[in-house]
Structure formats: C-alpha cells, structure tokens
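In order, the protein sequences belong to chains A, B and C.
The numbering of the first sequence is our numbering, which starts it at 1 and goes up by one.
The numbering of the second sequence is our numbering, which starts it at 1 and goes up by one.
The numbering of the third sequence is our numbering, which starts it at 1 and goes up by one.
Hints in this document: simulated from the structure, not taken from any laboratory.
Be aware that a few hints might be false.
What the hints assert, rightly or not - With a straight-line Cα cutoff of 30 Å, these simulated DSSO-like cross-link-like pairs (lysine-lysine) come out: (1) Lys246/B - Lys474/B; (2) Lys331/B - Lys331/A; (3) Lys331/B - Lys31/C.
To be verified - If you want the footprint, here are the derived chain C segments under chain B, 3+ residues with CB under 8 Å: (4) 350-359; (5) 445-457.
Yeah, the Cβ is synthetic: ideal placement off N, Cα and C, and Gly gets one too.
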Amino acid sequence: MTIPLELHPDRLFPADPSTRDLARALYATVKDLPIVSPHGHTDPQWYADDPAFPDASALFITPDHYVFRMLYSQGLRLEDLGIPPRPDAPDARSIETDSRRIWRSFAAHYHLFRGTPTRLWLDHAFHTVFGIDERLTTESADRYFDHINASLATPAFRPRALFERFNIEVIATTESPLDPLDHHRKIRASGWRGRVVTAYRPDPVADPEFDGFAANVAEFGRLTRQDTATWAGYLVAHRERRAFFKSLGATSTDHGHPTAHTADLSASECQRLLDRALAGTITAVEAEAFRGQVLTEMARMSLDDGLVMQIHPGSFRNHNPRLFARFGRDKGADIPTRTDYVRALKPLLDAVGNERNLTIILFTLDETSYARELAPLAGHYPALKLGPPWWFHDSPEGMLRFREQATETAGFHNTVGFNDDTRAFMSIPARHDVARRIDCRFLATLVREHRLQEDEAFALAPGLAHDFAKAAYKL
Amino acid sequence: MTIPLELHPDRLFPADPSTRDLARALYATVKDLPIVSPHGHTDPQWYADDPAFPDASALFITPDHYVFRMLYSQGLRLEDLGIPPRPDAPDARSIETDSRRIWRSFAAHYHLFRGTPTRLWLDHAFHTVFGIDERLTTESADRYFDHINASLATPAFRPRALFERFNIEVIATTESPLDPLDHHRKIRASGWRGRVVTAYRPDPVADPEFDGFAANVAEFGRLTRQDTATWAGYLVAHRERRAFFKSLGATSTDHGHPTAHTADLSASECQRLLDRALAGTITAVEAEAFRGQVLTEMARMSLDDGLVMQIHPGSFRNHNPRLFARFGRDKGADIPTRTDYVRALKPLLDAVGNERNLTIILFTLDETSYARELAPLAGHYPALKLGPPWWFHDSPEGMLRFREQATETAGFHNTVGFNDDTRAFMSIPARHDVARRIDCRFLATLVREHRLQEDEAFALAPGLAHDFAKAAYKL
Amino acid sequence: MTIPLELHPDRLFPADPSTRDLARALYATVKDLPIVSPHGHTDPQWYADDPAFPDASALFITPDHYVFRMLYSQGLRLEDLGIPPRPDAPDARSIETDSRRIWRSFAAHYHLFRGTPTRLWLDHAFHTVFGIDERLTTESADRYFDHINASLATPAFRPRALFERFNIEVIATTESPLDPLDHHRKIRASGWRGRVVTAYRPDPVADPEFDGFAANVAEFGRLTRQDTATWAGYLVAHRERRAFFKSLGATSTDHGHPTAHTADLSASECQRLLDRALAGTITAVEAEAFRGQVLTEMARMSLDDGLVMQIHPGSFRNHNPRLFARFGRDKGADIPTRTDYVRALKPLLDAVGNERNLTIILFTLDETSYARELAPLAGHYPALKLGPPWWFHDSPEGMLRFREQATETAGFHNTVGFNDDTRAFMSIPARHDVARRIDCRFLATLVREHRLQEDEAFALAPGLAHDFAKAAYKL
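Same shape as in the complex, but just chain A (with noise of 0.2 Å):
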C-alpha cells in the first residue's frame, strides 16, 4: 500500500488559526532568501571536483549518525548497516556492502524517527530534492532505492548543480590548520561562480589529546617555518595559517573543546605546557589548562585579523570505547555533558571581553545554561553573541527553547541566526527551513500576544532568516 509522502505548507506553525495565519505571512517573506550557511561540515570536494554521489544508502545513511546511531541504539549492527570499521579495528567481521540491502534495512525501521528532526530533514530531502510523494516504508524501499540513484547518476544532482538549486549564498567547510586546502584552491581557480569558504579549526594542533599531537604541531611548524616547538614559534605559526585560511575565504574559526573552560597564562607557564605536551607527558588538567589557553590566543589573534571566534563546547567524544576501538570517530558516541560558562569563560572575557570589535559566538550543548549564563552574558559582553541551538537541539523543540530562554534577556540582536552545522548536504535546505519556520512561529507568537508589535516582527524575520548570519559571520 502507498502511503502519501507531502510536506503541509503549515508544518511546524501552531495549530491556533491567527497566529498560524501571521507566522505564515512572516514565513513568506523569508522562506526563498538565499541560505547563508556560515558553520559546517560538508566536504569541498564536492564542490571542487563535482562528483556523482554514489547511492541512496551512501548519501543518507552511511555518512549521517544522526541517523545510524539511532538504528544502532535499537539493536541494528553498525556493519549491517555498512558502517566501514577502522582499517586496524580488533575483530573485523563481514560488513553489509549491498547498498540496496542497507537501504531496505534502513527503511524497514523508518517508523523508528518519527516525531524527530531527522525525520522531517529527510521526508524534506525526498519529496523535495527527488520529488518523492510516497512514504517511505518497506513496501516502497526499492522504488526510493531505484529512484534515488536514477537522479544521482543525472548532472542535476551533483554538488554544484544542488548546491545552485539549494539557493546557498554561501557556504563554510571547517578545515585543520594541516589542511593545504586545495579543494578550495580548486574551486577558487574553476571560474564557478559559488561562494565556498573554509573555516580554522585548530583541534589537531591545539589539544595535546588529539591523537598525533607532536607530529601535527611538527607539520605545522613545517608548513609555517616556525619552530613550534617554542611557544612565540607555535603562536606565529597560527597567525600564519589563519592568514592563509583567509586568503581562501576564511572569515571565522571554530574550536571544539570539551568544555568552555580558558585561560591566560604566562608564555613561561604556556612554554611549560607545550614542553609537555610534545613530550606526551601531560596530564588531562594541563591539557585543558593548554586548550584554554589556546582559546584565549585565538582571540587576541581575531582581534587584529578579524576573524569570528567560534566555540562549541561541552560534548563528551567517544563514550563508548567499543564502538571506538571498532569504527573510529563520529559514529554516534558523542553524549553532552553540564558546562559551565561563567567561570570557565572568565579568564578569555577578563582579557577581551570588552572589545567591541571582536565576535565571539557561543554554542551550547546545555540547555540549562541559556537563561541562566549564556542570555546574561551575551546581553552584557560586547564581544559575545549567541549561537544557535546546536546538534541535538537543533529541532524544532530545541529551537523554541532557545528563543523562549534566551530572548528576554539577550533580545534578537545578540544571536546571529541558524547554522546548519551539517555533513549531510541533503538535509541543509530542511535544516535552514525549519529554522526559519519555528522563528516565524515565534515572532508570530509574540505578535498575537502583543508582546511585540507586526511590523517589528517583519523587520526582524529576514534577519533570523539571513542577515543576521551574514553580517555577525562578516559574510
């Protein structure tokens, strides 16, 4: 039996008629504006070479752990669903390799994502990217299979002619200071006329825990012909490189710490730290100690080039050792935990937290700390300003949430609209939409309640929507 597959025109609009109807209007104004993307994980690559993407289980299955680890929390082996394990992974075993067969595993489950954002994202990419309008179900899986992978093998479905189509303005991938970033060489020298950056991100050379930690800062050294092994070398090295991640479009940097926690050392204390760190002799708090100061570095170094400051902290890597030692990195593992922002933030913020003209975005895996720390900070601190509801809480709950907390106390003009944050590229029309769909609600919301009067919340939905990104991004 065919189920039909549509998108309601009024999907996540409150059910009460006149605040539906003004979130609709509100939500016309924004819904065709280009996507500013300005934090994210897609692969340049892509846009470099453009290439066929393989297969339907390949372009939605493999590669997307929201999607995997919720199959796996529910007894799916991680192989039979064609997740490769590591090269040196212990007791290698058979590994599904039948796209089709993955994708019908895939589908037989679907019912496992109702009432969550993966769900929306990927009904969204079906219907609207390959014009599916049918539910997908384990009666209607070969028919997506077969369909999905006819347009895949269609030049309307490589990167750059989606890209275009997607309507992305432009779009940020987040590379390591090691990275020679020849994807984005390719694309700058390719005459295409989409607006692909990269973004610095540090964590290679700047946690001692990184896996390689010594060699990376050697390379880095290398790259820079600074000795990095002395702290004032491994300063000047990141300058040098942020300056080269700039020439390729660069305006921001990202930085994934454990937690928000930062410091300001003396260079003989940070000198220290680095001695340590390269002989692989520190302990877990010099290496937060080191983190941390690295952030406070980070910052003083946008203060003269001008880049965005970045941080999204508070996600315990790798919980689980097994599915580690088995699969590597990124495979669903990584739990958030409480942090703390107003004395981990303290030391960066005595030392630049005033200035005017820096821009330091703050996420948060914590809930708890919107109304409580991360509202009353960024509503005080010049230099501060609010990221938008991140990872798991990039939902349509989740994003309420953030609004409801964070509004009273920061206003509209401390946060700097939506990020997609994403490596699926599929799901980055869905993601910006819904985006812009609960924001609508939300002005909507405020109207019908007189908290905020019509035309104000037509002069701010564009901003949530678009400006907002693009100017605190510098896009």
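Please build the complex by placing chains B and C on the supplied structure of chain A, with the hints as guidance.
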C-alpha cells in the same frame, strides 16, 4: 453549599479545538486498554488476603506522602494527621486516632492541592471509584467520610475486586531479596486470575549504608546457603534470589541509589569493599563504589537471566533528620538533587552498554538530563531505554516536558510507556489515565503542527499506553 | 513617520480565544488591586523629600542596568550613556553630560529591546504614566525627551504623587544595618499617608568579602554599643538593629549571598571565623562558612522577632573586572550561576526547617532548581516558601516557567505572590501588571484544560496578585 465534582471528558487536552478533537479521538482508542503496571509499591498482602481497606483516612491520607507532605508544609502536624511515630521516637506525643477528625483536617485544606496532580488523582478516585459527585470541602467532609467508609465495607471495594474493576492486566510489586515472597506464593496458589508479579529490589543487601546491612547480608547467606562474606558467594546469592524472584513472576530488578554512579572493579577490590562494609568501617566514598559495583554486577546477571534492570537515582533520602528521627522513612522528606549520567554510568556502559539483549531503564528526578544526557544516551546505546517521568514529575507538566525534551533525540521507541510507581492503590487508574491523556495530547500536537502524520499517531498511541511497557518489561 | 504606541488590553494573554476570554475575566478582578511591593530597591529619599526627577535620561537610562547593559552589549560605551565612572577610576575619559544626546542614543537603539521585558515596562511607563501614544524611535526621540521632562517638572510627577497614582498600598526598601534610616524616620514624621517600610539587609556586616567589612563591623558595634569583635556581641548587635528596623516598619530581612550555603557551627568556631574576618586573613572557604553561619543566625532571630527571611543566592557579582574598576557595582555585569539548594540549605533547615512560625522565602537565578529542588523543599518544610521569578526571570516566559515547574509539587499556597525587586520606580506598575496578567493566563490555561475549576481560579487570582504577598510578608 454543594459544589459539583465532575471529571470533564476533555481534561488535560489543549484548548485549541482542532488539537483537542484529535487528542480526544486518539484517547478514545486507548482509554479502555488494560493497565500494565510494571513498577510500583502496592502491598502484595492486599492481593493475597483481599482484606477490606479500613477507612477513608487510612486509605487516602496516612499512607500517601504526596498528601501529607503538602499538609505538613503548610503547618499541619503529622501527629494530627494520624501519621504514627516510630516506636522508638524520642519525644512521643499524642497522635490523632479519630479518622473522622483526620479526614476533616484534610478536607479543610483540600484547596492546597489546587493545580497539583494529587488533586487530579484524588478527584478521579472519588468520582470514578466511589461515585461521588460533589467537591471535597469542609462542608462535604462528613458525607465523603461516611460514603467512602460504607463503600469500603462492601465486597466490591476489596483489593481483588478493585484490581479487576481497574482493568489491571498485570501489576508488579517490589520486594527485598530477604523477603520470602509468601504473599506472592499465596496469590499464585489461590487460583485468583489477577496477575501480580514481584520485582527484585536489593537495596538492603546492596547498600552498605542501609540500616542493618551486615545482618541483612548474613541473612542473605542463610537464605541461599552461600558464604556471603566472600564476594563470590555474595554474587551467587544474588543469582539465586533473582532466580527465586523470577520463579514468582519477576521480570525486573529495581535500584534506587543516591546517584547514578557505577563501577567495574577487580574482584579483590570488591572483596575489600565487602569486608569493610560488613565490618562497618566503610567510608561514604567506598559505599558509593560498592553500590556502583553492584549495579554493574546486576547488569551482568541480567544478561544471563533476562531480568530488566531499572535505575532510579538522584533522591536525597531523609533530608529532614528531625522528621526522620520521629517518623522514619518515606515521610515526604526525600528531595531530588542534580544527577549526572554521562560520567556516572560509563563503567556500566563500558561493560554492557552495547548488549542488544539487555534492557536497562533509566529514570531521573533531574529533568535537565532529559535532552542533555538521557535522550542522547538512549538514542545510542542498545541496552538503554528511558523510563517515564518519575515521582514529582509524574504530572501533566512533567510528562509534557519529558516528551518535548526526549522525543526529538531518542524517538518514541527508546521509551517504555508509563509506570505508576505508587503505593496508593486508588490512584492507579487515575495516574494511567493522566499519562494516556497527555501522550495523546502530545501526539495530537505533533500531528496538528504537521510534524507527524495522523496514521502514525494512531499507531503510536496504544504503544505509549500499553504495548511498550508490556514489551520492555517482558510482561 | 509616527508609529502608534498602544498597550493592547489583551497583551500577554494566550491567543486561544476561549483561554484568552477567561484570562481577561480573571485579570479584570485583579488589575485594580493596590500594589503590595514587599521587596525592592527604590530610594527612600524620594518618599522622604519628594524631589522632582531630573530628566528622562536620568530617570530611565542611567540608573537602570537592565537598559544600559543591553546597549553596552551591542557596542555602546557606558560613558556615552552618561554612566559616571568611579571617582578613583584609573583612566577617566570624557563622559556624556548632555541628557538629550543620551536619550537620542537610547532611542536610536530601542529596537534592541524587542522581545524583552524591559521593552514591555518602558512602553507601559511611557504610555500610562506619561500619556505618550507614539513609539520611541530616532524620529520621535526629541518629542519624548521634551514631553517627559516637561511632565517631570510638574507636581503630579513627584515621587509621592506617583506613589499614590500607582496605587501602592505598601512598599519596602532595603537598607544596611549601618543606615540610620533617616529617610524612613522623615517619612513617618511627615504625616504623609504613603506606607514605606525598610528591610534589613546585613551584607556589609555579614559578608567578610564586602568592601570595608572590618570597619563596618566596628561601626556596627558603635551603633549598638556592643563589642562586635566577640561573636556574642556581634549577634546582639544584629538583634538590636533588627529591632530598630522593625520599629521603622521592617517586616523582613534580605540576604544576597553568592550561594545558598548555610552553616551551623560551634560558638568557638564562629568566634574564630569572626576573628579572621576582622583581621582580614579569612580564606574564601571560611568567608563562605561565615556568611552561611550568619544565615542560620538570622533564621534563629526571625523565630524570635518574626521578621520574614529572604534568601537571594546565585549571582556571580562583578563578573567584569575592567568594568568594575571603572564604574563600580551594579552595572549589569552580575551573572547567574548554577545553584544547589538541597545540600546548601541543610544546616539551616536542620536547625529551623520544621518551625511553623517562621517564614523563609527562597529565590533563585537557576531555574533548573524550580522543579528539582525548590518545589520539593517548599512542599515539605513548614518554614519554606518560594519567592517569585527574580531578576532576569522577572519576565513573561520566566513567570510561566516558574508556575509550570513549581505548582505541581509546591501548589500555589507555598508561593508568595510577586516582588518587583526594582530600583526603577516607573517600572513598578508595569512589572506588577505583567505578573498579574501572566498569573491570570496560567490560571485560565489550567481551567480550560480542566485541571482547575473556574471558581477556584477566581479564588486564587487575588491571592497571587495581592493577598499572598501581604500575608507572607506580614504587611
């Protein structure tokens, strides 16, 4: 003046007419489903001996700490409510023994419960169980008292008759490993068709800080003919009692620790902790390690015997020492505290988190963990599922927050339906009714906002009301 | 272009028509009740001397950190807003003294307040107090400035006239134990009928980390003719000043500690802490113990003298050291932090928590404690009640979260109505109006969802608007 008492058929549904209509239609499909009560604290003696309940006050007030804690908070004395002091209480003073006077005090303060779930449950029981159609007030107090008492004297108000009238398919009680389970044996021998099962709650022999721990462990050894002074014998004793509980219907274990701390220590360290626990020389930190080790051992045993594991952490028990000295445990002075899961559960999850044939159900009294920790954990680990809102959060707002905060990351299928978790027998139908109404309301809201299709809501409603609990608890 | 400024009669009510109708009906019964303002920071000199307020900027901007913190966060300089630096500020630079230019800056940035309670309060004051019917914009800035200034020059805009026009039944200010209360004496002697009372706020002599603590304690001794270098004398000094405050109308004390930590130490340990505090050798941990001990002593004194105790914990004061060095306290740089109550309050509650004739009102800046800690504590301990949403949470969303999260466990009767807690005189009617509207909205929602009967909502509304505060504070 008589004030009518009616239960509105649309209670707990949202005011928006279209959402309400759908909530009502969903509820119509689940309201008459039998009750599965997989976790609770009713007295098995009721089902074994089928005695009459003594009177209105003894039924509704003296055993229900939800009721008398509110009265106490507003200045009533527990003695005046007939709460018996401990036999060894230092300063015994006169206790009210006149049930009618106790009832009148309660009635005179019934307004204190406005806006609380206790009020919803009481009104539900008064109206649906006792057929009362006027509100409880000072003026109606005596009519209530006489009518309830007259009812309780009739066979239709005996526990077994009510069990059947309440349409209980199965109910679990909770017993200590030292309990001979005589009531459960008697129920089984009686030929009565009501299904009552036990659950294994090992606190008296698992918590070194439990009153009489060493004596309990010795008794545990006698019951199982094991040397429970050795770690190996102690573990075998657990396995044997679990098997005995299972023979009397148990499908689950229950663990109510102060935190979610778990451990996975060497056998020699376990022996050392057991030695110190039995000698009474164990420190608070060691006691926490011991309890955490028992949790991990229980999980391993569940892998073998299939019992579903429930973890109920986060209550600061007996917060009020004066009240405890005078009246003992469970007198409304247990207060929730902040609870970490991400680090606390790691030793247990490292050991068994990836097991697909194990079910560990997590509860919380710290709602901040729903979106931040519990939903991400349950949305990844195959062994984990989320229990329903518990204790103070077993309420309309609490249930809505749970669904709103957990569903987007964990989905519905990583949740396990409703637990009433009560010792208040009369409240059981009311509590399940509230849960069914709120879940139907939540589903209706998702549909009306086009976040879920209508057929999917109708498919989920019986799962949330009945099937998920039955399946998760293997009942 | 002139944009109208209207206050919609249904503002802050929900959009659903049936709920809105009932909210409106409930509000009609409370909107004209007199204002009971049991906790705030208005200047008693206003009521004593009845001076004219100087001008629009000095009235609305320079004294209101809610206003200028938002402007500062968006890059305006405090100097340009006329905020005076400390006399000893290291790098004094020119400060704007032209009120009209300050007002124009404010007007040009008025859009920053969209969606904030500050905007609601300001518009309310502009419209209801000054009769302005156009929105504040760059274009209307001068008309606003001239009109407000002209109004302020008239007798009808003097503090006493406004006090009467605002229909304030009683207002409390907050003074240090070292304050001679001359303004309060003058008010009483004046024959004016406005009721203004003081409240006892002992931070300058209770917090060893307060500027000038030792000198303050010495002065405290001189005032009371006690040897405040002894713990016994120090306690008697408190008793004497409390009695003096009570003679000038005080019914309460107020305590704004960094945490909710309390202590109940031996007299010798108290003396040791006092010695170290006076010698300036006290550690941070000891200072916390001293403050915690004072709280417990204050509670014991309240048992004797009947003063209601208020605890306002959880603010990290003066988070921005550069701003503090330049402008001093209360400049918008106080940031809430995570606050524990369950363990922190235990020493105090062990001492006096069961007292039925004591009222301790708890406030929080950490909303996660509402459902988890505060409502369970207040729903048990006779001495505890819950204060209203405070500071950043004195807002429509903050009030809704409080009622939604606290009511089910604590009920309404363990709450104490509204506090405006403000130094912004013009905002007082607006703040009370917001609270009344939100409470009526909350009650209406409960009724429309059949969780409360309509007659009960009408019975509760005046309690939440007026009676509960009057009773809890013994006013």
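Hints versus structure:
no.: 1; hint: Lys246/B - Lys474/B; verdict: 12 Å, holds
no.: 2; hint: Lys331/B - Lys331/A; verdict: 46 Å, violated
no.: 3; hint: Lys331/B - Lys31/C; verdict: 40 Å, violated
no.: 4; hint: 350-359; verdict: holds (count 4)
no.: 5; hint: 445-457; verdict: holds (count 10)
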